[in-house]
Amino acid sequence: MGDMNEIFDLGSDALHGIEQRLGMSRRDYLQFCATLAVTMGLPKGAEAAVAKAIETSQRPSVIWLHFQECTGCSESLLRAEHPTLEKLILDVISLDYHETLMAAAGHQAEAARKDAMKAHKGKYVLVVEGAIPVKDNGIFCKIGGHTAIDLVKECAADAAAVIAIGSCASWGGMPSTGPNPTGASSVAEVLGKPVVTIPGCPPNPYNFLATVVHFLTFGKLPDVDKLGRPKFAYSRLIHENCERRAHFDAGRFAMEFGDAGHRQGYCLYKLGCKGPETYANCSTIGFGDAGENNWPVGCGHPCIGCSEKGVGFTKPIHQVASVINITPPQQYPRIVEEQGKGASFASAAALAALAGAAAGAAVMLTRNLGLSHAAEEAERAKAEGKSKDQAQV
Amino acid sequence: MDTRRHFLKGVVAGGAAITAAAVAPPVCARETYSRPAEALGLLYDATLCIGCKACVAACKEANNNPPEFSTGDHVWDTPLDTSAYTFNIIKMYRNGTMQTKDAEVNGFAFMKTSCMHCADPSCVSACPVSAMTKDPATGIVAYDPGACVGCRYCVVACPFGIPKYQYDSPTGKIGKCELCRHRYADGHYSACAEVCPTGATLYGRSADLLLEAKRRIALKPGSVTRYPRGKIGGPDQSYEGPVGNYLQHVYGENEFGGTQVLKLSAVTFAKVGMPDLPPKSSAATSETLQHSLYGGLVMPVVVLGALSFIAKRNVHDEDDESDTGKDKGEK
Amino acid sequence: MTTHQHAAHTPVGGSLVNAATLVCGVLIAIMAAILLVRFIFGLGTVANINDGYSWGIWVVVDVMIGSALACGGFSVALLVYIFNKGEYHPLVRPALLASLFGYTLAGAGIFVDLGRWWNFWHIFWPGYANPSSVMFEVAVCVTAYVLVMWIEFSPVFLEKLGKRDVKRKLNKWLFFFIALGVLLPMMHQSSLGTMLVVMGGQVNPLWQTPAVPLIYLLTAIVIGYGVVLFESCVAAASYRRTIEMRLLNPMSKIMLGVLAVYLVVRFGDLLIRGALGEAFHPGWVAISFWVENIAFVAPFFLIGSAQARRNPANLFLAGIAIMIGGILLRLNGFLIGYGHFTGSGWTYFPSLAEIMVTVGIFAIEVLGYIIITRRFPVLPRENAQVAS
Chain A
1 MGDMNEIFDL GSDALHGIEQ RLGMSRRDYL QFCATLAVTM GLPKGAEAAV AKAIETSQRP
61 SVIWLHFQEC TGCSESLLRA EHPTLEKLIL DVISLDYHET LMAAAGHQAE AARKDAMKAH
121 KGKYVLVVEG AIPVKDNGIF CKIGGHTAID LVKECAADAA AVIAIGSCAS WGGMPSTGPN
181 PTGASSVAEV LGKPVVTIPG CPPNPYNFLA TVVHFLTFGK LPDVDKLGRP KFAYSRLIHE
241 NCERRAHFDA GRFAMEFGDA GHRQGYCLYK LGCKGPETYA NCSTIGFGDA GENNWPVGCG
301 HPCIGCSEKG VGFTKPIHQV ASVINITPPQ QYPRIVEEQG KGASFASAAA LAALAGAAAG
361 AAVMLTRNLG LSHAAEEAER AKAEGKSKDQ AQV
Chain B
1 MDTRRHFLKG VVAGGAAITA AAVAPPVCAR ETYSRPAEAL GLLYDATLCI GCKACVAACK
61 EANNNPPEFS TGDHVWDTPL DTSAYTFNII KMYRNGTMQT KDAEVNGFAF MKTSCMHCAD
121 PSCVSACPVS AMTKDPATGI VAYDPGACVG CRYCVVACPF GIPKYQYDSP TGKIGKCELC
181 RHRYADGHYS ACAEVCPTGA TLYGRSADLL LEAKRRIALK PGSVTRYPRG KIGGPDQSYE
241 GPVGNYLQHV YGENEFGGTQ VLKLSAVTFA KVGMPDLPPK SSAATSETLQ HSLYGGLVMP
301 VVVLGALSFI AKRNVHDEDD ESDTGKDKGE K
Chain C
1 MTTHQHAAHT PVGGSLVNAA TLVCGVLIAI MAAILLVRFI FGLGTVANIN DGYSWGIWVV
61 VDVMIGSALA CGGFSVALLV YIFNKGEYHP LVRPALLASL FGYTLAGAGI FVDLGRWWNF
121 WHIFWPGYAN PSSVMFEVAV CVTAYVLVMW IEFSPVFLEK LGKRDVKRKL NKWLFFFIAL
181 GVLLPMMHQS SLGTMLVVMG GQVNPLWQTP AVPLIYLLTA IVIGYGVVLF ESCVAAASYR
241 RTIEMRLLNP MSKIMLGVLA VYLVVRFGDL LIRGALGEAF HPGWVAISFW VENIAFVAPF
301 FLIGSAQARR NPANLFLAGI AIMIGGILLR LNGFLIGYGH FTGSGWTYFP SLAEIMVTVG
361 IFAIEVLGYI IITRRFPVLP RENAQVAS
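Residue numbers (the working numbering), protein chains in the order written: chain A, 1 to 393; chain B, 1 to 331; chain C, 1 to 388.
Think of the hints as simulated: they come from the structure by calculation, not from any bench.
Wrong hints could be hidden among the right ones.
[Stated by the list, open to error] Listed next, the in silico DSSO-like pairs over lysine-lysine satisfying Cα-Cα at most 27 Å (straight line):
#1 341(A) x 271(B)
#2 163(C) x 231(B)
#3 123(A) x 220(A)
#4 231(B) x 315(A)
#5 220(A) x 121(A)
#6 160(C) x 172(C)
#7 172(C) x 271(B)
#8 312(B) x 163(C)
#9 220(B) x 315(A)
#10 121(A) x 87(A)
#11 118(A) x 87(A)
#12 172(C) x 312(B)
#13 312(B) x 169(C)
#14 220(B) x 309(A)
#15 341(A) x 173(B)
#16 114(A) x 87(A)
#17 388(A) x 341(A)
What you are looking at is a predicted structure, and each value in this text was computed from that prediction instead of being measured.
Given the sequences, and given the hints that come with them, work out the whole structure.
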């Protein structure tokens, strides 16, 4: 993470440099670093490392390709506040190719791309937005006369990292909805190797920003799951952090849009919310920099699972989701539960005392009866003996 | 000689009485009842159940039942079983690593526990004061606290352990699911079925529910089918979903003559708390025994007649002697 | 040769205040205090009965076992009035007294356990009463039997009060009440067993059988004789009287006969149903089963021979053995062998309060028996019997 002392020894010089370069106050800058660190789930103190990385490293080159997409992911980035997009592309990274944002066009743009790739060979970050059609050799998407397949392969060859932003690039997204006439595919499928994916339609911009900054800070990409999604954003189900979870647990559901339950903010599961089977952090950080509660569910519409392959743009929006129970909670009674009061000391003692007294009395009585019987028998024998004697006489 | 004569007379008369009663045409065995034609009930499909417990919460609210606490902090309603204050509960079957839902080994599954509304209820047969009754049309097994004496015979008789008593009250009564019959007038039906998000609990006519249950177990596991929610015949809230790995048995189809609450499961029923019951109900066995012995009071009257005859002879003789004996003794 | 020894009955006399009555008094007071709490605050505050074991010792011991132990009157009446063994007549009154108290208190014991006791009259009222219920039949028969016994016992009070005319009128109809007094226990004692049937598989197969009414009836008769043996010995020892050996001895032979029939029925039923295997599953249930049956078999070893029967100590022990067997048969069926599937996970053991109430009810019986035998003509006069 970097030497803490060194990091904290950010003399006024270093911070002053940042202020000038980024045009941010020191406070805003540190807040930006903190936000990124928190988004990545890094431990306390890491924001210092982030700050140092940004301030000291050279602006990395980023090549951003667009294919079958709506540019929503770029739009999402435009809504980021810290940093704002212009600060990001001018001061934090060097966005050397972005068809929507760059000033150049036509041959100039392609030339810029090639130059950047050559100049930063092996060091630039490749970001892909949009799906890549593979049917009919990929003729359904061509830029500058080259198919998307060729372009992505060419650019990925010398990239330090490949990031697929948005559901389209991550797993095919909306263009891949059945019957998928163009064969829209993900970057990973086309390249034949796993890449970092930031799915979502669009994803929260901070998922992407934090990934990039992680790369800047630590020189490597964050931990990802088997689909290439950074774990800090995509390891939990929406359902696990949803603000309406208590309603789900208590069985309060909106049955129709606008009904009493819906107006009270009840759970939208019955309206088809895919939260229980979608991995993303929308419920945690929301959108538009307005914090939690600013996401589809917070606005009263069920989650459509836009980031999840097999759910978003595949299952009908109002179809009931499967609930992925990773670990069933402990708070369920078992089929057989041990209950009831056993013997207390007092009751066991009382019973034992009773049994003992009864047994004792019975033994005593038996003995007495036996003794008196024996006495009677003896007397009888004596009487018989006497009468025999008398008879003999 | 007198004694021997009298004794033999007594034995012969007694024996004759008992033999006569024994060979008298026995009252027909009481057959196990079946579900009435318009019986109402539920279909619980454990493979659809996600354990959300909305039904538990809805039932508590519909019946005005207080929460029950089994943890130190009295914050959540956490009953461990049905009770006089909990008419419906979701229990969880656990095995091994509990990895897969509805797997019998290393899996977990849910089971809803509530009154089965039997076709031939043991509680109705047992209750001496008709506090437990079965509606002849809807088949709902209802409880009337006004009639109840609190003997709890229904509690010990029920094979599912459903009726439960309020031991904490000096005026305690029995509590159990009554299929929300008190809500029908307002156009509602069972709260558990109304609220269930996946249609795991479905309400309707038992005949329709049995057909639906059979339809489901005939489907291929993993294929997709439409699942209704709420009430069969109600507004369409159905949805498409994958078919689970059902056991080829609809629980409640024939157990004890059938129950109006039917269950489907992927885990062996005995392991999820549903006992193995024969088609012949205990109520039928018990009532057959009682009717054979006491039906129409035939045998008691016959035996009483014989006993009276014998006793009169013996007591009569004794009385004469006793009077004379007494007179003698007084002297 | 006179066959009916109709000895005069007479009060035992003596002080009513002694160690026994004082102890009984204290136990009854404790019971009263507990019952006050029970009726004000509910069953759960004093008893350990729960959702898995809703019937505890107040039902099984006070009511069922209590009434079984009160079968002395029934068994002796059977002998004297049906099988015309008039020589046992001196045993009738004391047996009847014990029965009277036993059954009256079993009935009272029901009130202690009923959760909604103020509705108790429903069980007799048309419109409420459910004739298909075994409990209905038991309740009606027991109530009728208690009434019949009070009528059967009334000559004792009438004698003491000197109402000879009333007594003579009553005697004309006594035969009918005696017949009822034999029929009714046959009905309800067997039905107490039939109460198990509706519980189905919740009762261990060792005690769940369609033959249960016959099993309970036979044990009721046998327990009746056993109780007579027990009580005769205890009363004789307490009141320092001779034991009526010439009555108890032959009666115990009859008891062995009925006991033999019972054991054949019991084990025959177990073998036919193939249920005996359950008795070999290690556990408390199996142990209890074997203790129960050893207790029933023991009398054959204790008083099997004529010589053994001459010793009152053996008769006393045989009586106790029968009582233990009968108690365990009922305890096993309703409590120890109960609870398969619905009781799983549940534990029940009577609380101290439950035990003290049961003890208190027993103390009322003992106290009542002492008071009545000392003040009313119940026990046969000591030297009034002519040796035959």
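Hint consistency between residue 160(C) and residue 172(C) [alpha-carbon to alpha-carbon, up to 27 Å]: holds (19 Å)
Satisfaction of hint between residue 169(C) and residue 312(B), Cα-Cα up to 27 Å: holds (15 Å)
Distance restraint between residue 341(A) and residue 173(B), which requires alpha-carbon spacing of 27 Å or less: With a Cα-Cα distance of about 21 Å, the restraint between residue 341(A) and residue 173(B) holds, given a limit of 27 Å.
Hint consistency between residue 172(C) and residue 312(B) [alpha-carbon to alpha-carbon, up to 27 Å]: holds (9 Å)
Given hint residue 271(B) paired with residue 341(A) - CA-CA distance at most 27 Å: Holds - the C-alpha atoms of residue 271(B) and residue 341(A) are around 25 Å apart, at most 27 Å.
Straight-line alpha-carbon gap residue 220(A) to residue 121(A), limit 27 Å: holds (17 Å)
27 Å Cα cutoff - pair residue 231(B), residue 315(A): holds (24 Å)
Distance restraint between residue 121(A) and residue 87(A), which requires alpha-carbon spacing of 27 Å or less: holds (24 Å)
Distance restraint between residue 220(B) and residue 315(A), which requires alpha-carbon spacing of 27 Å or less: holds (21 Å)
Hinted pair residue 312(B) and residue 163(C), Cα distance within 27 Å: holds (23 Å)
Hint consistency between residue 388(A) and residue 341(A) [alpha-carbon to alpha-carbon, up to 27 Å]: violated (69 Å)
Given pair status - residue 231(B), residue 163(C), alpha carbons within 27 Å: violated (74 Å)
The earlier numbered hints that this structure contradicts are 2, 7, 17.
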